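When you number the sequence shown by the working numbering, it's gap-free, plus one each residue, and the end is 373.
Hints are all accurate, no fakes.
Listed next, with one range per pair, are the computed distances between beta-carbon atoms:
{"#": "1", "residue 1": "G172", "residue 2": "G254", "range": "19 to 29 Å"}
{"#": "2", "residue 1": "D230", "residue 2": "S67", "range": "46 to 56 Å"}
{"#": "3", "residue 1": "K70", "residue 2": "G173", "range": "36 to 46 Å"}
Each computed BS3-like pair below joins lysine-lysine, with the alpha-carbon atoms no more than 25 Å apart:
{"#": "4", "residue 1": "K145", "residue 2": "K232"}
{"#": "5", "residue 1": "K158", "residue 2": "K145"}
{"#": "6", "residue 1": "K229", "residue 2": "K145"}
{"#": "7", "residue 1": "K297", "residue 2": "K287"}
{"#": "8", "residue 1": "K145", "residue 2": "K156"}
No lab work stands behind these hints: they were computed from the structure.
Everything numeric in this text was worked out from a predicted model, so none of it was measured.
Even glycine gets a Cβ: it sits at the ideal position worked out from N, Cα and C.
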Amino acid sequence: MRIHHHIGRRTRSGLLAGLLAATSALAMGIAVAQPGTAEAAASLRSLADAKGRDIGFALDPGRLSESPYKQIADTEFNLVVAENAMKWDATEPNRNQFSFGQGDAVVNYAAGSNKKVYGHTLVWHNQMPGWTSNLSGTDLLAAMKNHIAGVAGHFKGKVFAWDVVNEAFADGGSGGRRDSILQQRIGNSWIEEAFRAARAADPGAKLCINDYSTDGINAKSTAIYNLVKDFKSRGVPIDCVGFQAHLIIGQVPGDMQANLQRFTDLGVDVRVTELDIRMSTPANSSKLATQAADYKKVFNICLAVARCQGVTVWGITDKYSWIPGVFPGEGAALIWDDNYAPKPAYQAVAEALGSGTTPTTPAPTTPVPTTPA
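Hey, can you work out the whole structure from these sequences and the hints?
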């Protein structure tokens with residue numbers, strides 16, 4: 001997504017919001033199970049574990065002091081991704097002076113709550129530190145490779161997979177590269193250089209490319225498909241593709257499953273990396289029902305693709321979602337409302353994860369070379 005900065009709490013009557021959430025859910029015949037109650041005993045994590053899939057969330061470690069946030073984080077997920085703490089501006093604010101405090105907090109939290117850590121992100125044109133802005137192409141390439149070595153090296157053995165490159169392709173129908181500082185100054189080679197540097201820094205980590213508006217088959221997803229196909233043919237290290245899935249209610253692409261499948265046919269894993277499904281606000285029972293159906297659809301799509309490793313939602317509560325700050329008049333995109341009450345989407349996800357047969361082994365995955373490619 002374009003902006004992953006934290007969005008502050010919106011002023012709202014907690015009591016009224018809670019009553020509305022409960023009323024709308026009950027109107028659709030869905031039990032409202034508060035975290036920690038008997039109804040919530042079958043957590044999303046336990047259901048995902050039984051399926052051999054990941055269910056993750058984007059973590060702001062500063063929110064862990066908020067009791068309901070931490071309770072949901074502790075119990076409902078088996079994977080954590082740093083919302084901002086591992087990005088370039090956070091980890092190397094000054095050239096070659098690394099800062100890992102917040103990233104280490106994410107890793108330590110994950111270790112203490114038995115979760116995997118998915119790294120986000122080594123290289124992204126947004127949230128780059130100011131010192132990179134005036135570098136020449138040669139110097140920017142050297143700085144990028146040094147950054148990757150420093151960050152992936154620091155978290156080696158603690159982060160199982162990385163979004164090596166994030167949002168490198170242009171919006172619209174061109175199928176071209178994004179006209180970023182990286183593309184302008186380094187040229188087409190920068191993505192390959194980033195993946196090779198990441199493999200050298202941590203040969204055991206899965207290396208992924210991640211983007212938005214690529215959930216269906218379109219010019220942008222086809223451009224990434226062609227990049228992956230090229231990389232695989234030439235032995236450039238790439239193990240997985242992330243589909244952000246920042247969606248709008250009622251607009252899950254009809255060809256999303258076919259799209260994910262065509263990538264796995266190239267020999268890479270896939271995962272849904274930043275799922276949220278927004279609506280015009282305020283929410284009502286009809287919109288929440290559509291949202292619930294859409295969440296269920298996305299999870300079912302992942303479950304239907306053997307090499308889809310799992311789904312990560314981009315946050316826990318609507319209260320801290322990035323959506324309202326970027327799309328005014330839209331929001332209510334996550335599984336829990338402003339007051340941490342589970343929405344109809346929660347039960348829909350539980351139903352998707354709880355249905356069908358349970359595999360005895362996790363989803364197949366791309367083997368990682370034991371030596372740098």
